[in-house]
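Novice: Put together the whole structure using the sequences plus the hints.
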Amino acid sequence: MDKWAFGITMMVVGVGGTFLTLAILIWSIQLMKLLFPLPAEDSDTKKRS
Amino acid sequence: MLADILTGLGGLTEGVQLLFTITGLKHIVMLLIAGVLIYLGVKKDVEPLLLVPIGFGCLLVNIPLSDLMHVGIDSGARQVLEALGPSAPESLKALAKDDTGFLRTIYNMGIANELFPLLIFIGIGAMTDFGPLLENPKILLFGAAGQCGIFLTLLLALALGFPHLQAVSIAIIGACDGPTAIYVASQYAPELLGPISVAAYSYMALVPIIQPPIMKALTSEKERKTRMPKVKRSVSPNLKLAFPIVVTIVTGLIAPKGLPLMGAIMLGNFMRECNAVTRLVKASENEIANVATLFLGIAIGATMGAELFLKPTTLAIFALGFVAICLDTVVGVLFGKLWYLLSGGKINPLIGAAGISAYPMAARVVQTQGQRYDKHNFLLMHAMGANTGGQIGSVAAAAVMLSVLKGLGLI
Chain A
647 MDKWAFGITM MVVGVGGTFL TLAILIWSIQ LMKLLFPLPA EDSDTKKRS
Chain B
89 MLADILTGLG GLTEGVQLLF TITGLKHIVM LLIAGVLIYL GVKKDVEPLL LVPIGFGCLL
149 VNIPLSDLMH VGIDSGARQV LEALGPSAPE SLKALAKDDT GFLRTIYNMG IANELFPLLI
209 FIGIGAMTDF GPLLENPKIL LFGAAGQCGI FLTLLLALAL GFPHLQAVSI AIIGACDGPT
269 AIYVASQYAP ELLGPISVAA YSYMALVPII QPPIMKALTS EKERKTRMPK VKRSVSPNLK
329 LAFPIVVTIV TGLIAPKGLP LMGAIMLGNF MRECNAVTRL VKASENEIAN VATLFLGIAI
389 GATMGAELFL KPTTLAIFAL GFVAICLDTV VGVLFGKLWY LLSGGKINPL IGAAGISAYP
449 MAARVVQTQG QRYDKHNFLL MHAMGANTGG QIGSVAAAAV MLSVLKGLGL I
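So the sequences go chain by chain: A and B.
All residue numbers for the first sequence refer to this note's numbering, where the first residue is 647 and numbers rise by one.
All residue numbers for the second sequence refer to this note's numbering, where the first residue is 89 and numbers rise by one.
Since the hints were derived computationally from the structure, they do not count as laboratory data.
Please read these numbers as outputs of a predicted model, since none were measured by experiment.
Where a beta carbon is used, it is the ideal one built from N, C-alpha and C, also for glycine.
Worth double-checking, as some hints may not be accurate.
Selected chain B positions facing chain A (Cβ under 8 Å, derived; list incomplete) [what the hints assert, rightly or not]: (1) Thr109; (2) Gly231; (3) Leu243; (4) Phe331.
Specialist: Right, dumping it as structure tokens:
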């Protein structure tokens, strides 16, 4: 494989893949926040403080 | 008898004589480099946990005739192999190996098979609190922006004529993450492991010097003074427990070639968050990480033999490593500026510099720089979030790279 074709492929797929992977993780964390909300007493304690 | 005594004495002076040959001069240069590494570690506090064993390993391997990285073939087995000729099976050749050097044994024990970086990653996972990242998950994108230097440096390395896999191994210095750099280089460019590892750890230690001028040059005073709201507590213990498992599965499915790296760091973090294996957590962040760091350092130093290290490529690797970390910071801060514009001035662009993986140094740099322009600006928790995002980002970038290489049929 030609070095420039290789470099550009790695750059496009690499940067894109890294952003995509982390974007999926962000979405997963947000989903997990809905599944595992902060217990009510912890939120109350936080509000009082 | 006198002749025997003189011959015996000759054995004692052989090493000294060798030092004063052309080859010996290279060894002297390497002994000086070993001295510099040890000096930096001991007197200047530059990553001493790594640079001291690396420096000492370098010193050991460059003493002439020490044979500490000896690779040989058992004499009996050699006769059998010679009799069989080219038809000798590979399994027999492997069995006949006689790697007797002390440093070679350590190298084979944990670098050749990638074990030591992974053990260190378990310790890093056990020490890392992903809480600030989980409070504001979008900040994880800084961890992706902070890895762009890797890919830009890859293009530069290719332009300089490095073969594909060497270029990838050099570019990964931009991950600003020692174990990841060692993991990739030991697999795909073991001949460059010494300079890549030394460059990775040296530049990580120099982050507080490298980053501030770039941060200042790319941002206005108004942007640097941007205050960010206090981080609200919104993360439940169950979320912290589920996080390492979800990250392992998601990244493992997308980029399976990087699973050992991500799996190791997330195993350490899961043990930390589950509160059920306190002894294992303590062992991971102390004994195991310390022993692995010692052996890793010595073994890396052992790859710094004069013949392998004293080449023009070493200088190129150091230059490319420096460029990689600068580019990471540039792209990170520019990404921060973009976010600043899109959010209507709610994000301090300096946070972008923490998207590299040098944890927690990069976050501290952001806090220090923020307070230089506004003493009451507290960016640390946001920067910690971006910095832990950088840790995940660097491993994800390496994992993606390896998986793309596999997809292209290059590994």
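Novice: The structure should be examined with respect to each hint, and the outcome stated for every one.
Specialist: We went through each hint and held it up to the structure:
| no. | hint | result |
| --- | --- | --- |
| 1 | Thr109 | violated, 38 Å |
| 2 | Gly231 | holds, 6 Å |
| 3 | Leu243 | holds, 5 Å |
| 4 | Phe331 | holds, 7 Å |
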